[in-house]
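Peer 1: In order, the protein sequence lines correspond to chains A and B. Position 256 (the first sequence) corresponds to 256 in the UniProt record's numbering; numbering is contiguous. Position 174 (the second sequence) corresponds to 174 in the UniProt record's numbering; numbering is contiguous.
Derived from the structure by calculation, the hints contain no laboratory data. All C-beta atoms in this analysis are idealised placements derived from N, C-alpha and C, irrespective of residue type, glycine included. It cannot be assumed that every hint is accurate.
To be verified - No more than 30 Å apart at the CA atoms, straight line, and that leaves these computed lysine-lysine pairs for BS3-like:
#1 A:248 to B:51
#2 A:64 to A:27
#3 B:216 to A:187
#4 A:64 to A:41
Said to hold, decoys possible - With the Cβ distance kept under 8 Å, some of the chain A side facing chain B (calculated, not the full set):
#5 7
#6 10
#7 113
#8 239
#9 241
#10 242
#11 249
#12 253
#13 257
#14 282
#15 283
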Amino acid sequence: MMGEKMNRTMNVLIVGVGGQGVIMVSKVLAQLCQADGHDVKQSEVHGMAKRGGGVFSHVRFGPKVWSPTIPEGEVDILVALEWAEGLRWLKHLKPDTGTFIADCQKIVPPFACRNRKRGAEPAYAPQTPEEIIEQVHAGYVMDATGMAANLGNARASNTVLLGALSTVLDFPEEAWIEIIASTVPAKSAEINRAAFAEGRAWAMGGDKRIDVTAGGLHKAHSEIHHPQVDTILEITEEWCKGCDICVKMCPERCLRLNDRLKAELALPDLCTGCQLCAWLCPDQAISVTNIPVTEPAE
Amino acid sequence: MKDTTEATAFDVNSWIRQEQMPHFLCPGCGHGIALRALVWALHEQGIDKDKLAVVSGIGCSGRLSAYIDANTFHTTHGRPLTFATGLKLARPDLSVVVITGDGDCLAIGGNHLIHAARRNLDITCLMLNNEIYGMTGGQVSPTTAEGRYTSTTPQGNTEPGFDACALAAAAGAGFVGREVTMQVLGLRDLIGQAIAHKGFSFVEVLSDCTEIYGRKNDLGASPEMMLAKKSEMRPFAYRNTVDVPFRPNHLRTGVIARSERPEYGAAYRAMAAGLRGEGGDA
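Take the sequences, apply the hints, and build the full model.
Peer 2: And the structure:
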């Protein structure tokens, strides 16, 4: 597919939210193109969007690239690390031949919550993946963050998308893996290799694909029975960031971080229901409820 | 201090915008604990959400207002106190709480802080002091301690840090307090007193920036940073009773200064009523 395309410049636009790894994706792609003998220009906007703001990166490669930025409507491949960011840049995609690769992960910005009525939907992009995928020439909408989380680290979602991107571009798989291994820190090389393979295998299943897993919060629920009080300890897994405060501060040392770096109640028998973990949790992920028992348990 | 059953009745989720969670803060950031203490204090003071306005500036602390389920206002850098002053003068029926950071409040907003304290308008100002500009990449802030490394002081900071509580008290704030995030209940009660005080209340919360400040200065993870800060604190109530030979670097915590100066809003409204010819001594 690349043969006739490569007489002209290929335009890849990578968009996402600060901290997701947009720059890493574009760096891998640019290095790969350079190693393959193309002329490459890459330009990006980052900095003030260090955490939570929009980030985008243009990668152009071909026999000779003149301008570092891509004109509107000229993007061959749009890689979106966040769903709404992908929609924001969708009009830059070539209408008839563009490929859209997106993570369905939603990062809701604060200004989307102006309607404060209880239960009100945030003003986030209402378009569903099904609607969007009908509009584009070729589309891949995947739960890259979920896939990466299943592999052990949700932060590898950008590498999952790189895996999907690798099926659209005509570079050998080994070259991708080699560049990724040289770009990421040595300690995360293994998970990035697995994430790349996962994304690539998924995208091999054909274009116009949607794979969205249902959302919702998972609460690890534990009940501890004391002579006069029942303690209910709930840990919201999606909110826990594994900061270790509850584990280290618990007077009974009954909590621990599991292999996914989420807090869990390891020794329920030792929990006294003192609530210190809930009070000190910066992520509001732990709730401890003490319910007095009317009749003492036998 | 409240007993356990009453503490249990508080549900933080009733004050948090669920769709916004998990929040954007780094793992172990003390601002999250301060957020809980603030909404807990608001809950205990019986503040109606519709009669509450939370104003915040720019920075890691500035983003906290987005997570509180009340009337919230994310303003420009250094100016949350200015916006809050206008808000409180126009709507004296609202409880106005300002969330600001050390850079926001003392560097670009330093002037606004001293004049807000001078006017003594009934605003509660919560300054989350993490000793660094966390959001923009870890630059030195006015409260960074001497000798600490930041991205703009690669050889160590040579400037002395600011004592924000002394500044606010000298400028005339009606209520000045300081607490560490480790003491959640103490922090909650201190913020509660600040909200109840009629006049400008300034509370400095000693928060921890684990990911940037802690890592750069090799202070350990968030539990170690919290415990270190706790070991340095010295409740102000004991200032004359305990000699602290083993704690030379103690931090004064608790209520630090209190005065019953007249609140500014009343004088302003009397003047406005006089101009409208509705009485007063105009």
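Peer 1: Go through the hint on residue 282 of chain A and say holds or violated, using the shortest Cβ distance to chain B against 8 Å.
Peer 2: 3 Å, holds
Peer 1: Does the alpha-carbon distance linking residue 64 of chain A and residue 41 of chain A stay inside the 30 Å limit?
Peer 2: Holds, because 10 Å separates the two Cα atoms, which is no more than 30 Å.
Peer 1: Verify the interface restraint on residue 7 of chain A: the C-beta must sit less than 8 Å from at least one C-beta of chain B.
Peer 2: Violated. Min distance 42 Å.
Peer 1: Holds or violated: residue 248 of chain A and residue 51 of chain B, Cα atoms, limit 30 Å.
Peer 2: Roughly 38 Å separates the two Cα atoms, so the pair is violated.
Peer 1: Can residue 283 of chain A be said to touch chain B, with a Cβ gap under 8 Å?
Peer 2: 6 Å, holds
Peer 1: Within a Cα-Cα threshold of 30 Å, do residue 216 of chain B and residue 187 of chain A meet the stated pairing?
Peer 2: 20 Å, holds
Peer 1: Go through the hint on residue 10 of chain A and say holds or violated, using the shortest Cβ distance to chain B against 8 Å.
Peer 2: 33 Å, violated
Peer 1: Would you check the hint for residue 64 of chain A and residue 27 of chain A, treating anything up to 30 Å between C-alpha atoms as holding?
Peer 2: Holds, at about 19 Å.
Peer 1: Should the hint that residue 241 of chain A touches chain B count as held when the rule is a Cβ pair under 8 Å?
Peer 2: It holds, given that the least Cβ distance between residue 241 of chain A and chain B is near 4 Å, below 8 Å.
Peer 1: Against chain B, is residue 239 of chain A within 8 Å by beta-carbon distance?
Peer 2: Result: holds, 4 Å to nearest chain B Cβ.
Peer 1: Mind checking the CB of residue 113 of chain A against every CB in chain B and telling me if the closest is under 8 Å?
Peer 2: 6 Å, holds
Peer 1: Is the interface hint for residue 257 of chain A satisfied, with its Cβ closer than 8 Å to some Cβ of chain B?
Peer 2: Since the shortest Cβ distance to chain B is 11 Å, the answer is violated.
Going through the hint list in order, the structure does not satisfy hints 1, 5, 6, 12 and 13.
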